[in-house]
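> Next come the chains, spelled out residue by residue.
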Amino acid sequence: MEMDLELTHTETKLKKEMKHFMALAIMSLAFGAMAMAFAIATITTNGLALTKTISNIYLNLVSLVIGFIVAYFSLRYVISSAEVLSKFDEIQDEKIGEKNLPHEKLTGYIVKLLVLYRDEKPQIKRMMFISKIAGVCFFANALFQTALLGFNLYTGTTNLIPAVGGILVSTVMGMVGFFLPFSFLKYSVCWDDRLAKSKEAEIRIASFMEEPQ
Amino acid sequence: MNNRRTQYEIYWEILTYCNTPRSITQIIQRCNLNSKIGQEHVDFLVLKGYLEKTLEKERFLFTTTSAAKGYVEIFMKLYLELFQNSPEFKL
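Keeping their order, the protein sequence lines are chains A and B.
So the first sequence is numbered by the numbering used here: it starts at 7 and just counts up by one.
So the second sequence is numbered by the numbering used here: it starts at 63 and just counts up by one.
So here's chain B without its partners, still in its complex pose:
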């Protein structure tokens, strides 16, 4: 898939995936990103305070922080709304 996702959709995917601590490799694989873009997104989310970087058994793990709760909630609200408030596709 070409995966034409917006950056906000990618952020949401990363944040929901990192509800439990994940390594950068796991994030990149799960969110189907290349390593450069994946690292950039993760760095941005760390900078925003949405992801927490911790060192565990000699590797860095990323966990979603409580600061990201607002972002995740507004994202879900808007996307559910856009689906709810649109015409239904029927054959």
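In isolation and in its complexed conformation, chain A is listed as follows:
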């Protein structure tokens, strides 16, 4: 009875964690795609502005450079996120939706998730790093857009609403850029703990195998 309750708890925990990780992976992919779109838009806008005006050339140049940096990192980020998502998707099958999964099936999922973490640990660490850089770039972009807005307001050559919209989007993206690594860090903490415990389990299994049967 107690064992059954524990298993139900494990099953609920596993399914919940898988849902949360799926959400995180999708969010991360969406962030990467939005960052790339935003970076391309920044490059296009500032590139075009450079050909038309020379009044705020330095601010345009800085935005252009930030745009290229974000575009490069977001492309790498999208590739990494898609890879993690695709591997995670391979683990999920139609049986995950069923209730009262047998011990074997549950253990199978745990093994597969552990293997996924072992495989993808460096990739996840890289994504955390890139996401933070993208976050910094978005905040920097928001700052420069604010400066640009101030300059243009002073010279009276700007539309307030799109400019403020751009600043807001940059700020929100910057915040997401820091939220994602924080969530991946929580995921890493959980799985690092399990990885360490799996090494202890390995020792126990090895000694079990050495025992005379």
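It is worth saying that the hints were derived from the structure and are not from the lab.
Computed from a predicted structure; not experimentally measured.
Note that CB positions come from ideal geometry on N, CA and C, so glycine has one too.
Where hints are given, some of them may not hold.
Chain A regions said to be covered by chain B (calculated; three or more residues, Cβ under 8 Å) [unchecked claim]:
id: 1; region: 12 to 19
id: 2; region: 35 to 47
id: 3; region: 108 to 115
id: 4; region: 174 to 182
id: 5; region: 192 to 204
Just so you have them, the derived chain A footprint on chain B, three or more residues with Cβ under 8 Å [as the list claims (entries may be wrong)]:
id: 6; region: 70 to 79
id: 7; region: 129 to 142
Based on the hints, put chain B in the right spot on chain A.
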């Protein structure tokens, strides 16, 4: 996938898959192993008495024996425990 599985995880996969008789090709395909490594693992499990090798219709089939029950159970117990006794991941 790079599939960084430990040998014990591979043994467990083979043993649970071989609850019904399987050929070496089926084991290799299902457990995503190369033929050399797959053969080595299967030979080891046969040697340990965890797998039984039988000849059926001119091909060898491998079936998990009752001797493997202890291994499969301790493996599942430890892996379920490591998941149960760790912090939960939430967004």
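> For every hint, state whether the structure bears it out.
Here is what the structure says about each hint:
no., hint, in the structure
1, 12 to 19, "holds (count 5)"
2, 35 to 47, "violated (count 0)"
3, 108 to 115, "holds (count 5)"
4, 174 to 182, "violated (count 0)"
5, 192 to 204, "holds (count 9)"
6, 70 to 79, "holds (count 5)"
7, 129 to 142, "holds (count 9)"
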